[in-house]
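Which chain is which? The protein sequence lines are A and B, in order.
Under our numbering, residues 11 to 770 are what the first sequence spells out, in order.
Under our numbering, residues 669 to 903 are what the second sequence spells out, in order.
One or more hints might be untrue.
Pairwise CB distance ranges (calculated) [as the list claims (entries may be wrong)]: (1) B:782 <-> A:424: 20 to 30 Å; (2) B:782 <-> A:425: 21 to 31 Å; (3) B:693 <-> A:568: 31 to 41 Å; (4) A:158 <-> B:782: 16 to 26 Å; (5) B:778 <-> A:265: 58 to 68 Å; (6) B:842 <-> A:401: 50 to 60 Å; (7) A:158 <-> B:771: 36 to 46 Å.
If you're looking for bench data, these hints aren't it; they were derived computationally from the structure.
Quick reminder that beta carbons are idealized off the backbone N, C-alpha and C, glycines included.
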Amino acid sequence: MPAFSCAFPGCRRDLLVIVLVVFVGIGLPIEASAPAYQSHGTEGSHLTNITNTKKAFPVLAVNYEHVRKPFEIALWILLALLMKLGFHLIPRLSAVVPESCLLIVVGLLVGGLIKVIGEEPPVLDSQLFFLCLLPPIILDAGYFLPIRPFTENVGTILVFAVIGTLWNAFFMGGLLYALCQIESVGLSGVDLLACLLFGSIVSAVDPVAVLAVFEEIHINELVHILVFGESLLNDAVTVVLYNLFEEFSKVGTVTVLDVFLGVVCFFVVSLGGVLVGAIYGFLAAFTSRFTSHTRVIEPLFVFLYSYMAYLSSEMFHLSGIMALIACGVVMRPYVEANISHKSYTTIKYFLKMWSSVSETLIFIFLGVSTVAGPHAWNWTFVITTVILCLVSRVLGVIGLTFIINKFRIVKLTKKDQFIVAYGGLRGAIAFSLGYLLSNSHQMRNLFLTAIITVIFFTVFVQGMTIRPLVELLAVKKKKESKPSINEEIHTEFLDHLLTGVEGVCGHYGHYHWKEKLNRFNKTYVKRWLIAGENFKEPELIAFYRKMELKQAIMMVESGQLPSVLPSTISMQNIQPRAIPRVSKKREEEIRRILRANLQNNKQKMRSRSYSRHTLFDADEEDNVSEVRLRKTKMEMERRVSVMERRMSHYLTVPANRESPRPGVRRVRFESDNQVFSADSFPTVHFEQPSPPSTPDAVSLEEEEEEEVPKRPSLKADIEGPRGNASDNHQGELDYQRLARCLSDPGPNKDKEDDDPFMSC
Amino acid sequence: MGALQSLPDEPEYRDLSEKTGFSFEQIGILHKRFKQLSHNEDTLRRDDLNTIPDLSCNPIRTQIIEAFFDKRNFHQNGEGTVQEISFEEFLVVMSHFRPPALDMTEEQREIIRREKLRFLFNMHDTDNDGTITLEEYRHVVEELLSRSGALGKETAKGIADAAMLEVASISMGHMEPDEFYEGITFEHFLKILKDIEIETRMNIRFLNMDTTNLCKKINSQQDHYLQVNGEQKIA
Numbered sequence: 011m012p013a014f015s016c017a018f019p020g021c022r023r024d025l026l027v028i029v030l031v032v033f034v035g036i037g038l039p040i041e042a043s044a045p046a047y048q049s050h051g052t053e054g055s056h057l058t059n060i061t062n063t064k065k066a067f068p069v070l071a072v073n074y075e076h077v078r079k080p081f082e083i084a085l086w087i088l089l090a091l092l093m094k095l096g097f098h099l100i101p102r103l104s105a106v107v108p109e110s111c112l113l114i115v116v117g118l119l120v121g122g123l124i125k126v127i128g129e130e131p132p133v134l135d136s137q138l139f140f141l142c143l144l145p146p147i148i149l150d151a152g153y154f155l156p157i158r159p160f161t162e163n164v165g166t167i168l169v170f171a172v173i174g175t176l177w178n179a180f181f182m183g184g185l186l187y188a189l190c191q192i193e194s195v196g197l198s199g200v201d202l203l204a205c206l207l208f209g210s211i212v213s214a215v216d217p218v219a220v221l222a223v224f225e226e227i228h229i230n231e232l233v234h235i236l237v238f239g240e241s242l243l244n245d246a247v248t249v250v251l252y253n254l255f256e257e258f259s260k261v262g263t264v265t266v267l268d269v270f271l272g273v274v275c276f277f278v279v280s281l282g283g284v285l286v287g288a289i290y291g292f293l294a295a296f297t298s299r300f301t302s303h304t305r306v307i308e309p310l311f312v313f314l315y316s317y318m319a320y321l322s323s324e325m326f327h328l329s330g331i332m333a334l335i336a337c338g339v340v341m342r343p344y345v346e347a348n349i350s351h352k353s354y355t356t357i358k359y360f361l362k363m364w365s366s367v368s369e370t371l372i373f374i375f376l377g378v379s380t381v382a383g384p385h386a387w388n389w390t391f392v393i394t395t396v397i398l399c400l401v402s403r404v405l406g407v408i409g410l411t412f413i414i415n416k417f418r419i420v421k422l423t424k425k426d427q428f429i430v431a432y433g434g435l436r437g438a439i440a441f442s443l444g445y446l447l448s449n450s451h452q453m454r455n456l457f458l459t460a461i462i463t464v465i466f467f468t469v470f471v472q473g474m475t476i477r478p479l480v481e482l483l484a485v486k487k488k489k490e491s492k493p494s495i496n497e498e499i500h501t502e503f504l505d506h507l508l509t510g511v512e513g514v515c516g517h518y519g520h521y522h523w524k525e526k527l528n529r530f531n532k533t534y535v536k537r538w539l540i541a542g543e544n545f546k547e548p549e550l551i552a553f554y555r556k557m558e559l560k561q562a563i564m565m566v567e568s569g570q571l572p573s574v575l576p577s578t579i580s581m582q583n584i585q586p587r588a589i590p591r592v593s594k595k596r597e598e599e600i601r602r603i604l605r606a607n608l609q610n611n612k613q614k615m616r617s618r619s620y621s622r623h624t625l626f627d628a629d630e631e632d633n634v635s636e637v638r639l640r641k642t643k644m645e646m647e648r649r650v651s652v653m654e655r656r657m658s659h660y661l662t663v664p665a666n667r668e669s670p671r672p673g674v675r676r677v678r679f680e681s682d683n684q685v686f687s688a689d690s691f692p693t694v695h696f697e698q699p700s701p702p703s704t705p706d707a708v709s710l711e712e713e714e715e716e717e718v719p720k721r722p723s724l725k726a727d728i729e730g731p732r733g734n735a736s737d738n739h740q741g742e743l744d745y746q747r748l749a750r751c752l753s754d755p756g757p758n759k760d761k762e763d764d765d766p767f768m769s770c
Numbered sequence: 669m670g671a672l673q674s675l676p677d678e679p680e681y682r683d684l685s686e687k688t689g690f691s692f693e694q695i696g697i698l699h700k701r702f703k704q705l706s707h708n709e710d711t712l713r714r715d716d717l718n719t720i721p722d723l724s725c726n727p728i729r730t731q732i733i734e735a736f737f738d739k740r741n742f743h744q745n746g747e748g749t750v751q752e753i754s755f756e757e758f759l760v761v762m763s764h765f766r767p768p769a770l771d772m773t774e775e776q777r778e779i780i781r782r783e784k785l786r787f788l789f790n791m792h793d794t795d796n797d798g799t800i801t802l803e804e805y806r807h808v809v810e811e812l813l814s815r816s817g818a819l820g821k822e823t824a825k826g827i828a829d830a831a832m833l834e835v836a837s838i839s840m841g842h843m844e845p846d847e848f849y850e851g852i853t854f855e856h857f858l859k860i861l862k863d864i865e866i867e868t869r870m871n872i873r874f875l876n877m878d879t880t881n882l883c884k885k886i887n888s889q890q891d892h893y894l895q896v897n898g899e900q901k902i903a
């Protein structure tokens with residue numbers, strides 16, 4: 011779907027033309043300016059050498075070398091993004107062809123162009139790839155990894171990742187060696203270790219490619235997490251096998267001791283990577299506990315600690331990908347409990363942005379490298395590689411599923427198996443590993459060519475056909491569900507129920523250990539890593555608050571008062587009582603008052619300026635109080651009739667009443683020194699003295715209270731109720747103002763411009 | 669009863685297996701567990717389940733135990749609660765947590781889904797009037813949050829109210845302001861939870877191998893006083 015609708019039919023085409031012109035123009039200046047500079051340089055030195063005559067002061071001079079590196083990098087990234095933009099302007103194309111294919115094609119075109127010009131196209135530098143392009147994608151994947159399906163299926167994922175990859179590597183390596191033995195192929199010089207090395211490079215499912223393709227097909231959660239988890243966790247196997255065979259092929263022989271060491275190495279690499287990641291994760295969580303005063307740099311901590319985890323584990327030749335995943339997974343629950351909502355949004359958007367750019371660049375560079383790289387083509391070898399890839403994957407998946415299904419509660423169906431097998435795409439990691447092979451390998455070019463062919467095949471053929479196949483086979487798609495409080499309640503209920511039933515059964519299963527971990531987490535870990543008193547908060551409450559916050563912010567952003575739920579059903583419908591109805595006319599008046607004030611408040615909020623340092627404090631306050639304002643007003647709308655009814659009751663009740671939760675109000679006074687509206691909310695005061703049998707009052711109150719404890723400095727919820735005369739006095743004033751407001755026959759629009767809601 | 673009880677022979681197991689769908693080995697293991705819990709008697713009482721150490725820190729312990737003694741879960745169209753249950757009834761309650769077989773059709777899965785959701789519904793609907801009222805739902809949420817002290821009580825009400833509103837809007841769509849939503853009926857319950865895929869979630873692993881020795885060691889505190897009293901335990 012195009013992001014905008016054109017006034018003229020031709021303007022979309024024009025934009026594409028512009029984009030094409032831009033990227034054609036990109037190649038030329040880069041190459042043209044290089045020789046231009048050289049001539050300029052020699053000229054300058056020539057001049058100074060010969061004579062001392064004063065030359066005219068250069069008003070305008072070109073110094074490209076000065077900015078060359080960043081200029082080229084920026085230009086490449088810009089090109090990549092313009093391409094991405096271009097694709098989404100062509101609706102039919104992006105629906106049929108996955109983006110990764112298009113980007114590779116663009117890369118091919120650009121590479122071809124550069125070659126035509128006569129320059130050497132840049133190859134995807136492995137250093138650049140592993141240190142700059144890959145980490146953002148993996149961090150994005152790891153940070154937003156859906157934990158529940160991942161942990162429920164972790165056994166299956168590990169089996170696929172470890173045993174599946176081993177099977178692929180050895181099957182392919184072995185059969186290719188057998189192939190090379192055949193005289194007619196002409197590759198008799200290739201020994202077993204080289205073939206096994208090649209097998210290990212090509213056998214690993216690539217997370218980048220899987221992400222790129224699976225993002226667009228929206229398959230059900232189980233299959234997604236299986237393929238995706240496998241692509242992440244097989245990195246350890248790939249690293250070990252690659253290093254192992256690389257070492258061995260230099261030496262030429264393998265002993266039993268080496269094999270044993272290899273196995274030990276695997277455990278060290280994988281567990282070591284996870285450990286490094288977890289350590290950095292805890293460090294990040296601990297740091298985030300203290301960032302309440304410097305909210306602006308919170309996202310940076312997340313990014314830097316994760317990147318350090320990656321680099322540290324790469325330093326020790328441990329699995330960097332597993333370190334990144336472990337870091338993201340470990341730090342996320344604690345960091346999210348500590349950071350502000352804005353920081354959370356920032357992290358989310360930055361991660362998505364970086365991973366998007368990285369992915370785009372990777373695919374384009376793949377295309378360019380194809381044109382650039384030295385190729386050695388051998389029909390038999392390459393075709394056999396491609397076929398063997400498919401065959402070994404299918405065999406591996408079927409065989410492993412047969413074994414795994416004996417241990418799974420929810421078995422994998424044939425459809426699931428098919429998608430898992432078909433979704434095993436190879437990508438840029440395989441290419442970079444192949445590129446890393448030292449030139450002493452005589453077969454390096456052949457291997458590179460074969461790897462590129464496999465990548466092209468999987469990305470193009472499998473990537474393009476997987477979507478129609480998913481439709482054809484009617485595989486279950488991902489359910490687009492809004493967060494539902496009922497589902498959340500029942501998910502938690504189920505957890506406890508199943509743990510309990512496991513206890514009755516007497517054996518310690520999945521739920522028992524999960525419960526133990528949760529308890530450990532709650533009593534020890536959370537205490538250290540979560541700021542303020544939030545660590546005591548159970549998940550359900552956190553979820554509920556988040557949902558409310560989201561709804562409220564949605565209202566803020568849309569600038570009106572929609573109700574998220576259909577507005578005809580309100581608290582009245584589920585409360586058993588007999589209510590005298592307020593007249594419709596009165597209700598309309600009150601609604602009008604509320605709406606008018608809401609618009610005013612919104613305008614006032616917007617005009618507040620802020621400095622860089624208090625960016626988050628001011629806005630946070632604004633947001634939270636505005637959120638509260640609107641939420642309460644929404645509730646007020648719903649309870650208009652209730653309020654009317656109660657008015658008569660309160661007019662006879664003495665002002666000095668025992669407040670059940672004055673702590674809440676006191677907290678509001680402290681923090682809302684500048685916010686005009688929050689202080690004078692009439693609603694809480696209004697309903698607060700009501701007897702606890704009417705549920706509305708209480709629920710309104712803790713709606714107030716729910717948004718408040720987001721900030722770590724507020725401890726009101728935990729402290730017990732404390733009587734405070736000033737609170738009651740304030741409440742009385744507010745209540746009187748409200749009474750005046752509601753008894754006022756009609757609002758005066760001009761007057762409301764300056765006054766907050768109360769003084770109408 | 670102090671003497672070792674012999675395991676029931678094959679025909680009885682076959683009967684139970686047909687009724688509940690467990691395999692013979694699973695029934696054997698569950699029978700051992702039943703005897704362990706009931707201290708070798710024929711019937712199980714609430715107190716027997718109360719003493720399980722694993723359940724002590726479970727927030728919804730009472731509801732779980734009640735579910736075992738709820739006649740509605742015995743598949744015999746009964747109502748009300750009993751004071752003690754036999755092994756057969758124990759097995760029937762346990763059968764609610766069996767996973768669906770791989771080769772089931774969509775209709776069979778639907779039946780299993782209804783059965784499991786019915787179990788959950790019965791757990792919430794304590795007064796057995798066919799609907800989950802607001803009070804009952806509040807009680808559920810309160811129990812879930814019962815670990816959080818005073819904080820839990822207040823927010824529980826809010827959460828339960830919001831949840832109820834959600835159910836009402838999804839099931840009823842549009843209601844006049846003076847209409848009253850009585851409570852969540854079973855059909856509404858099905859509707860709001862249809863996305864959870866309960867037939868894959870509400871399962872526990874029933875062992876085919878005997879690990880009661882392992883469990884005995886862990887439950888040894890429970891068995892201690894029995895040994896003191898001289899009762900024999902099944903190995």
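The hints, checked one at a time:
no.: 1; hint: B:782 <-> A:424: 20 to 30 Å; result: holds, 26 Å
no.: 2; hint: B:782 <-> A:425: 21 to 31 Å; result: holds, 24 Å
no.: 3; hint: B:693 <-> A:568: 31 to 41 Å; result: violated, 59 Å
no.: 4; hint: A:158 <-> B:782: 16 to 26 Å; result: holds, 24 Å
no.: 5; hint: B:778 <-> A:265: 58 to 68 Å; result: holds, 59 Å
no.: 6; hint: B:842 <-> A:401: 50 to 60 Å; result: holds, 58 Å
no.: 7; hint: A:158 <-> B:771: 36 to 46 Å; result: violated, 27 Å
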